[in-house]
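S.K.: Chains as they are written, first to last, in our numbering: chain A, 2 to 155; chain B, 2 to 155.
Hints listed in this document are in silico derivations from the structure and should not be mistaken for laboratory results. Keep in mind that the hints are not guaranteed to be accurate.
Treat identical chains as interchangeable: a pair holds within one or across any two.
Straight-line distance between alpha carbons at most 27 Å, and here's what the computed DSS-like set of lysine-lysine pairs gives [as the list claims (entries may be wrong)]:
(1) Lys89 / Lys19
(2) Lys51 / Lys89
(3) Lys102 / Lys51
(4) Lys89 / Lys71
(5) Lys19 / Lys51
There are 2 protein chains.
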Amino acid sequence: MSHTESAHLIVCASLLEKITNQAALCRSCEVLGVEQLMLPRSDDSWEFRKIAASAHQWQRLDYCPPDQLKAWLGQQVGFQVVALTVHKSAQPLSGYAFAPKTLLLLGRELTGIPTDILALCDVALTIPQYGRVESLNVQTAGAIAIYEYNRQWR
Amino acid sequence: MSHTESAHLIVCASLLEKITNQAALCRSCEVLGVEQLMLPRSDDSWEFRKIAASAHQWQRLDYCPPDQLKAWLGQQVGFQVVALTVHKSAQPLSGYAFAPKTLLLLGRELTGIPTDILALCDVALTIPQYGRVESLNVQTAGAIAIYEYNRQWR
Chain A
2 MSHTESAHLI
12 VCASLLEKIT
22 NQAALCRSCE
32 VLGVEQLMLP
42 RSDDSWEFRK
52 IAASAHQWQR
62 LDYCPPDQLK
72 AWLGQQVGFQ
82 VVALTVHKSA
92 QPLSGYAFAP
102 KTLLLLGREL
112 TGIPTDILAL
122 CDVALTIPQY
132 GRVESLNVQT
142 AGAIAIYEYN
152 RQWR
Chain B
2 MSHTESAHLI
12 VCASLLEKIT
22 NQAALCRSCE
32 VLGVEQLMLP
42 RSDDSWEFRK
52 IAASAHQWQR
62 LDYCPPDQLK
72 AWLGQQVGFQ
82 VVALTVHKSA
92 QPLSGYAFAP
102 KTLLLLGREL
112 TGIPTDILAL
122 CDVALTIPQY
132 GRVESLNVQT
142 AGAIAIYEYN
152 RQWR
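So that you can see chain A by itself, here it is in the shape it has in the complex (with noise of 0.2 Å):
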């Protein structure tokens, strides 16, 4: 896996509740060469290891709980922090130009990324939707950022 000298994407999945969301993603990262992703703990079950496609195995992974996540990402000096959120007021994913070195903060299935948190962020994106339906699932979102990052920077 080769990245450009400076681009580096990490991204931080500590809100993820759901086992099948946070293997799924872990899936997403290694395909598309993401350096480091953050998960809330770590899963050996059978069930991860089947949905990540054993990706687990050749991913970056590190923990960090989501009551250590505010410190945690006071700690992560020179990368963008953006969030990405379904707020109507967050720019559109599509027109945000990445800084090579961007940390990408997921939600909580339901309920998103806590105003705390979001408050410790340097933007916060928005992926434009055009239904009924409330939000994509996490991970999908997630996986689409992450492209449009790829298309900036690799």
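On the provided structure of chain A, position chain B as indicated by the hints.
M.R.: Just chain B now, kept in the frame of chain A:
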């Protein structure tokens, strides 16, 4: 849901074998404003409805079993038929200029699009991959391609 006058996107998932992927794709299509989603057959199971997050209530769905796919494709006059594959010979998605009237064809989970069906497509696109796992999940890949179409046309 408003389309620009000339933009029409149909997604064909007739080759998808897993209900979980069909249902997740249904949600992504509804949220991303896809005009029509083709599935191999109707399914009103609890599993489908749960994963689709009720999107099946709003998404225009039509049905075409795999053995009728060739005939159905032949009827889609005026649409650019775009195959999404993992073939390295395919054009990268992000460099492709979509036609406003596009039909996006997705492949089987394990084996992709059969050669005789691929021969009927106008172009084959691939999402650039950087990892060791063979491919993205098919509905995740489909959602990324729909996002790219929307980025160009909506």
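S.K.: List in ascending order the numbers of the hints, as given earlier, that are violated by the structure.
M.R.: Violated hint (a single one): 3; every other hint is consistent with the structure.
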